[in-house]
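Colleague: Please take these sequences and the hints and turn them into a complete structure.
Taking our numbering, I'd label the letters of the sequence shown as residues 34 to 154.
By construction, these hints were calculated from the structure, which means they are not laboratory data.
The beta-carbon is built from N, C-alpha and C at its ideal position, and this holds for glycine as well.
Misleading hints may appear alongside valid ones.
[Stated by the list, open to error] So the derived label-pair ranges between C-beta atoms look like this:
{"#": "1", "residue 1": "Gly92", "residue 2": "Leu138", "range": "23 to 29 Å"}
{"#": "2", "residue 1": "Gln95", "residue 2": "Gln132", "range": "18 to 24 Å"}
{"#": "3", "residue 1": "Arg91", "residue 2": "Met142", "range": "32 to 38 Å"}
{"#": "4", "residue 1": "Ser43", "residue 2": "Met142", "range": "14 to 20 Å"}
{"#": "5", "residue 1": "Pro35", "residue 2": "Gly92", "range": "32 to 38 Å"}
{"#": "6", "residue 1": "Gly94", "residue 2": "Thr148", "range": "31 to 37 Å"}
{"#": "7", "residue 1": "Ala58", "residue 2": "Ala83", "range": "18 to 24 Å"}
{"#": "8", "residue 1": "Gly123", "residue 2": "Val153", "range": "32 to 38 Å"}
{"#": "9", "residue 1": "Gln95", "residue 2": "Gly63", "range": "19 to 25 Å"}
{"#": "10", "residue 1": "Thr148", "residue 2": "Glu128", "range": "31 to 37 Å"}
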Amino acid sequence: MPGLSIIIASADGEHFYAALETAAAAAALGRAARIFLQGPAAALLRTPVAFAGDAARRGAGQPDLVSLIAEAMAMDVKLTVCQSGMALIGMTANELVPQARSGGLVSFMAEMGDTDRLVVY
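Modeller: Okay, structure coming up:
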């Protein structure tokens, strides 16, 4: 079954939230799912994690961003944060959420399977 690889190309919490939902849905269907946060999107996984839409999500009975990250991780969604992006925003690996790893776009692309789907948010 083809996997799903997602690249988040901007520091937009709504896009990241949508990508997490998409990856979790793919994982629920038995597909491998990975997300790469490129460039300034690295800031989305700087602790403490939060975004402006959290209160509205909780008010609607939906998980906030940090809860959705935990749910996705429990489903084996892999999170990789761009090393260059971290340098760009002055972030260190010690500031990453524990579930994420740092890496580069080349290694992320190299790990894609031949039949994997690639989505960019």
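Colleague: Now look at each hint and say whether the structure bears it out.
Modeller: We went through each hint and held it up to the structure:
1. Gly92 / Leu138: 23 to 29 Å: 36 Å, violated
2. Gln95 / Gln132: 18 to 24 Å: 20 Å, holds
3. Arg91 / Met142: 32 to 38 Å: This hint holds: roughly 35 Å between Cβ atoms.
4. Ser43 / Met142: 14 to 20 Å: 19 Å, holds
5. Pro35 / Gly92: 32 to 38 Å: 36 Å, holds
6. Gly94 / Thr148: 31 to 37 Å: 36 Å, holds
7. Ala58 / Ala83: 18 to 24 Å: 23 Å, holds
8. Gly123 / Val153: 32 to 38 Å: Check failed, 25 Å falls outside 32 to 38 Å.
9. Gln95 / Gly63: 19 to 25 Å: 24 Å, holds
10. Thr148 / Glu128: 31 to 37 Å: 35 Å, holds
Hints 1 and 8, counting from the list given before, are not met by this structure.
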